[in-house]
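Chemist: Single-letter residue listing:
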Amino acid sequence: MLDQSMVQKVLGAALRTGGDFAEVFVEDKRTSSALYEDGRVDGLNSGRDRGAGLRVVIGETTGYAHTADLSEPGLLAAAEAASAVARQGGTEPRIVALTPINAPRPYDVEILPETIGKAQKIELLKRAEQAARGEGASIRQVTAGYGDSRRRTLIANSDGVWAEDDVVRTRFVVQAVAEADTGLQMGYKSKAHTVGFELFDTIDVEEMGREAAAVAITKLRARPAPSGVFPVVLKHGSGGILFHEACGHGLEADAVLKEASMYAGRLGQQVASPLVTLVDDGTVGGGEWGSFSVDDEGRPASRNVLIENGILTDYMWDFLRARKEGRQSSGNGRRETYQHLPMVRMTNTFLLDGPDDPDEIVAGTPNGVYVAQLGGGSVDTTTGDFVFGMTEAYLIENGEITEPLRDANLIGNGPDVMTKIDAVANDFAMTPGTCGKDGQSVPVGTGQPTLRITGVTIGGTAGE
Amino acid sequence: MSELLDIANRIIGWADAGEDVEAYVVHRRDTDIKVYEGAIEELASAESDGVGIRVVSDHREGFAYTGSLDEEILRETLQEARDNASFASREDWVALPQPDGVSPADVDLWRDSLASVPTERKVEMALELDRMVRARDPRIRNVESSQYGDQLGERAVASTTGISSYDRSTACYLVTIPIAGEGDDSHIAAGYSVGREVDDLDLEAAVAMGVEDATILIGATKPTSTRLPVVFDRRVASSIISIIASTLDGDAVLKGRSLFAKRLGEEIAGPGIQLTEDPRETRAINAARHDAEGLACRPVELIRDGVLQTFLHNSESARRTGVASTASAARADFKSKPGISMRAVSLAPGDMDEAAIIAAVGNGLFVKNIIGTNSGVNRISGDISVGAEGLMIRNGQLAEPVRECTIATTIQRLLKEILHVGNDTEWLVSSSAGVTLAVDGIALSGL
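If you read the sequences in order, they're chains A and B. Here our numbering runs 17 ahead of the position in the first sequence, where the first position is 1. Here our numbering runs 4 ahead of the position in the second sequence, where the first position is 1.
Quick caveat, the hints were computed from the structure, so don't treat them as lab data. From a predicted model like this one, the values you see are computed outputs, not experimental measurements. Honestly, I wouldn't trust all of these hints.
List time: in silico DSS-like cross-link candidates among lysine-lysine, alpha-carbon distance up to 30 Å [what the hints assert, rightly or not]:
id	chain 1	residue 1	chain 2	residue 2
1	A	LYS437	A	LYS454
2	A	LYS454	A	LYS46
3	B	LYS339	A	LYS454
4	A	LYS135	B	LYS259
5	B	LYS339	A	LYS437
6	A	LYS135	A	LYS26
7	A	LYS454	B	LYS226
8	B	LYS339	A	LYS46
9	A	LYS208	B	LYS420
10	A	LYS143	B	LYS339
11	B	LYS339	B	LYS226
12	A	LYS143	A	LYS46
13	A	LYS46	A	LYS135
14	A	LYS208	B	LYS266
15	B	LYS339	B	LYS259
16	A	LYS143	B	LYS259
17	A	LYS143	A	LYS208
18	A	LYS26	A	LYS46
19	A	LYS143	B	LYS226
20	B	LYS226	A	LYS135
21	B	LYS259	B	LYS420
22	A	LYS208	A	LYS454
23	B	LYS420	B	LYS226
24	A	LYS46	A	LYS208
25	A	LYS454	A	LYS26
26	A	LYS454	A	LYS341
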């Protein structure tokens with residue numbers, strides 16, 4: 018993306034005031050998206066964003082500047098701005114030798130979305146919309162969305178790293194709203210992978226439309242969710258976000274090193290049920306949503322076991338936090354765009370399979386709640402308290418899934434819930450998501466097999 | 005008048021015969037400083053540009069954006085927007101907005117002084133904030149970070165249909181994130197102060213807010229499930245008011261995605277409840293002279309004496325509905341075509357202060373913090389279920405702290421069951437004003 022000798026010159030300039038580390042992050046991202054809504058094509062959007070971020074580190078202090086001007090004068094100006102935090106000055110210009118990093122690519126892109134005509138993408142949206150509308154007269158409104166992006170990055174730093182990545186992502190979503198005299202209800206289905214347009218060889222957009230509509234229609238007869246503490250069975254692939262939020266964020270080294278995490282200082286301790294093995298893995302193949310070749314600091318993605326059979330084995334690390342502890346980054350340094358500083362972020366975070374049969378877990382639960390889809394959530398990493406929306410949930414009565422429930426929140430405490438998992442099935446599945454932290458959003462995967470938590474607070478309104 | 009407007013005018017000058025073009029051009033200068041343990045942790049400074057282009061041709065609309073002002077990329081972006089329009093559905097109501105004759109209010113949101121504050125002074129303020137928080141209370145264990153940030157933003161909108169607007173504003177803030185605790189019990193909170201120039205910032209207020217909020221929940225336990233009246237702290241009430249106002253979005257109404265879609269002219273709130281949007285309110289951080297389509301911002305009465313008066317509209321939802329735009333077009337950034345958003349919504353104040361409201365409620369819950377509003381609010385059904393932390397109210401006094409519980413109701417019920425609105429309106433960091441708010445009939449889920 019940029020000439021190597023120019024990058025060397027920019028790194029040298031960035032170190033001139035005495036910085037002990039400098040980095041250039043170059044990004045060129047193209048996006049395209051389309052919406053089909055109320056039977057019409059709307060919201061066709063295309064974007065191009067290109068620029069570079071310059072980072073200079075001296076001791077514990079980081080200076081950062083970014084520019085959309087990728088010319089040599091533009092980059093040198095950003096290098097000067099970023100290096101203003103280091104004021105020792107007077108050191109001789111350093112020349113950095115750069116060595117290419119060859120990291121395996123956890124995905125192959127067969128069909129670049131940019132080679133596919135817009136008409137073909139719109140056709141997919143129409144098919145999904147019509148399928149959703151066909152599910153019943155109570156469907157009032159359907160929105161289908163298509164999006165793709167191609168993000169090319171180059172990372173070079175004064176440790177000699179020269180790494181490039183080229184990540185293509187494709188997603189498809191359908192949202193349906195149904196109406197009855199009980200009010201309005203919504204159903205939502207999304208598929209998102211780190212692959213090209215071949216995504217549509219493996220997913221059926223019409224089925225997604227029908228599923229979203231069916232959820233909305235089912236929820237029309239939903240009863241208010243109960244209020245209080247209940248056993249909860251999470252359907253496979255429905256609730257990985259709970260472990261991402263309730264546990265994963267507390268295992269990010271930035272929170273740990275500032276003692277803003279309840280998992281600080283607990284390595285080697287039993288922090289979860291022995292049934293729990295939690296992994297963060299940016300190398301997952303098959304186009305998982307959170308996979309990449311190198312992270313946004315030029316470090317190859319890797320597989321990191323965080324909790325093994327309930328024992329806390331490691332945290333997740335980016336360059337700065339790892340440097341502070343004298344260890345290697347775990348490939349978790351990510352940023353939303355070149356305008357952002359990298360920080361510790363998850364990739365694909367999931368619980369491994371256990372021994373149980375999913376149907377038997379439900380059958381073995383006399384009364385409780387079955388969650389088929391969790392919505393967004395958030396967590397206070399200091400206390401571990403979390404909240405999640407249930408967007409598709411059912412009552413379990415006498416070991417059987419019965420009535421649909423209206424949307425309500427689940428609330429609990431992460432460390433507490435991790436110890437209350439008493440059954441884990443063998444039907445692992447992943448779900449794509451977007452993780453927000455300090456104002457930056459990055460694509461992540463979450464996953465889990467069907468499992469049961471012995472008690473979680475459901476924040477419903479039933480019992481009036 | 006402005007370099008930005010020149011760029012916007014240049015872009016619309018490239019319009020082909022028979023098409024309309026709108027250019028939205030933004031420029032920002034940002035400084036962000038984070039300190040940790042008495043030293044600078046991060047210092048970031050940046051200037052950035054952005055351009056969003058809308059093309060309407062034969063009643064079809066397309067959009068494209070770029071973060072570059074490079075002439076070749078700008079022309080490529082216009083071409084891409086044009087190409088996108090050719091694939092869009094044709095609708096009679098698709099058109100770019102026209103000037104509507106309303107003049108912008110004379111509000112000044114720009115302070116030259118902010119541009120000339122040396123970085124050293126900004127760093128010193130963040131360090132001072134950090135020192136003050138650490139020294140304030142022995143229960144403060146650590147401070148995750150103390151920050152200073154500022155932004156000088158400019159934006160211009162020009163179109164071949166005659167729109168030409170330019171806005172600029174400055175903002176700066178201090179925020180500290182202390183962690184307080186005793187034994188195994190830790191709590192994190194944020195204290196902040198916001199202004200348009202450095203002299204507006206109140207270090208002491210930020211320290212007091214952060215320390216109070218981090219320490220007040222120490223020893224909190226999980227309460228038992230019940231139904232009770234709730235008093236929302238001003239900052240929490242600001243979030244609640246934003247949630248209510250966000251359901252009055254004219255586009256969501258058209259698309260069958262608002263619970264109030266068919267309720268215009270009906271009583272949706274208790275008697276006496278007034279909800280007003282007025283982006284000319286300079287104390288609101290998102291105040292503006294023009295909306296994101298270049299129309300002059302104006303006051304909009306949303307609820308008068310409990311009766312729903314209007315929805316918020318941009319030019320597209322207004323044309324589809326057959327009404328005038330309320331100049332509520334908004335864009336999160338330059339990367340999307342205008343949506344609809346409030347800028348400065350407030351509930352008309354009542355005559356009691358916080359203590360009087362707590363006394364009047366007698367027994368209930370004082371909510372200091374809510375979490376999970378992104379997942380726990382369904383704007384279609386109106387269901388609300390969010391995580392809450394706060395203090396129980398017993399015999400008219402604040403009592404023991406509670407956490408790890410949820411409060412649930414529906415937006416419809418909440419509006420009907422407002423018990424008291426405080427007299428303590430305060431403009432905070434959001435698009436709605438904070439004011440103490442008491443609501444009856446809330447389901448508390450805990451043990």
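Chemist: None of the hints should be skipped; say for each whether it holds.
Modeler: Status of each hint after checking the structure:
no.: 1; hint: LYS437/A <-> LYS454/A; in the structure: holds, 27 Å
no.: 2; hint: LYS454/A <-> LYS46/A; in the structure: holds, 21 Å
no.: 3; hint: LYS339/B <-> LYS454/A; in the structure: holds, 20 Å
no.: 4; hint: LYS135/A <-> LYS259/B; in the structure: holds, 24 Å
no.: 5; hint: LYS339/B <-> LYS437/A; in the structure: violated, 44 Å
no.: 6; hint: LYS135/A <-> LYS26/A; in the structure: violated, 42 Å
no.: 7; hint: LYS454/A <-> LYS226/B; in the structure: holds, 27 Å
no.: 8; hint: LYS339/B <-> LYS46/A; in the structure: holds, 13 Å
no.: 9; hint: LYS208/A <-> LYS420/B; in the structure: violated, 39 Å
no.: 10; hint: LYS143/A <-> LYS339/B; in the structure: holds, 24 Å
no.: 11; hint: LYS339/B <-> LYS226/B; in the structure: violated, 43 Å
no.: 12; hint: LYS143/A <-> LYS46/A; in the structure: holds, 27 Å
no.: 13; hint: LYS46/A <-> LYS135/A; in the structure: holds, 18 Å
no.: 14; hint: LYS208/A <-> LYS266/B; in the structure: violated, 33 Å
no.: 15; hint: LYS339/B <-> LYS259/B; in the structure: holds, 22 Å
no.: 16; hint: LYS143/A <-> LYS259/B; in the structure: holds, 17 Å
no.: 17; hint: LYS143/A <-> LYS208/A; in the structure: holds, 16 Å
no.: 18; hint: LYS26/A <-> LYS46/A; in the structure: holds, 24 Å
no.: 19; hint: LYS143/A <-> LYS226/B; in the structure: violated, 49 Å
no.: 20; hint: LYS226/B <-> LYS135/A; in the structure: violated, 53 Å
no.: 21; hint: LYS259/B <-> LYS420/B; in the structure: holds, 25 Å
no.: 22; hint: LYS208/A <-> LYS454/A; in the structure: holds, 22 Å
no.: 23; hint: LYS420/B <-> LYS226/B; in the structure: holds, 28 Å
no.: 24; hint: LYS46/A <-> LYS208/A; in the structure: holds, 21 Å
no.: 25; hint: LYS454/A <-> LYS26/A; in the structure: violated, 33 Å
no.: 26; hint: LYS454/A <-> LYS341/A; in the structure: holds, 21 Å
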